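Trainee: Sequence:
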Amino acid sequence: MDVLNLDLPDSYKQFMNSRDEIVDLYYEFSRKKPKTLKKEYGIWCSFMLEQYSFSDKVPNYKILSDNERYFKDIEGFTTGINIELVKKSFAFGLASSEGGILFFHPENFSIWEIYPDLYINFLADTFDEFITNAKFCRKWDHKNCSLHSVEYLLQF
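Numbering (this note's numbering), first residue to last: 1 to 156.
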């Protein structure tokens, strides 16, 4: 299945179509609150979206639909989102250092992160806003199993 044919933001589809299908990209993201530390996020390539890395039941992009993840209610910044919406979400990457998952809100495509302890946080209103505030850090090539560090500001 070509996951990019699903209902997703056009800017995300364009971004995905312009990159290598087997290379994950990692970004440092400037948060809305200036005093909040920057975090590193990995955006999965098409290859990783369809892998079963976190579950043998669902591909990575559907990992949040797996009921086994939800041992309690979500907490944190929950305005406008609940477990049922999270379960319908399209997961597209990792909050790499803490094991969180990046996902699109299924109704408005805002960007969120959720962690294994079910703490949830809003990141950006749109994918464009997310990428605009992201500084490219490195990439992971799945074909060659290698990490490449590159320092430049991603600009569209």
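Incorrect hints may appear among the rest.
[To be verified] DMTMM-like, lysine to aspartate or glutamate: derived pairs with alpha carbons at most 20 Å apart: (1) K39 <-> E68; (2) K62 <-> E129; (3) K88 <-> D125; (4) K72 <-> E40; (5) K13 <-> D66; (6) K13 <-> D2; (7) K135 <-> D117; (8) K87 <-> E75; (9) K39 <-> D73; (10) K88 <-> D66; (11) K62 <-> D117; (12) K88 <-> E75; (13) K87 <-> E21; (14) K135 <-> E107; (15) K57 <-> D2; (16) K13 <-> E98; (17) K39 <-> E129; (18) K87 <-> D117; (19) K39 <-> D2; (20) K135 <-> D2; (21) K88 <-> E21; (22) K39 <-> E84; (23) K87 <-> D56; (24) K62 <-> D73; (25) K87 <-> E68; (26) K87 <-> E50; (27) K39 <-> D66; (28) K57 <-> E40; (29) K39 <-> D128; (30) K57 <-> E68; (31) K62 <-> D7; (32) K62 <-> E21; (33) K13 <-> D117; (34) K88 <-> E40; (35) K57 <-> E75; (36) K88 <-> D73; (37) K88 <-> D2; (38) K88 <-> D56; (39) K13 <-> D125.
These are calculated hints, taken from the structure and not from any lab test. Keep in mind the model is a prediction, meaning the values are calculated, not measured.
Trainee: Which constraints among the numbered hints does this structure fail? Numbers only, ascending.
Mentor: 1, 2, 4, 5, 7, 9, 13, 14, 16, 19, 20, 21, 22, 27, 28, 33, 34, 35
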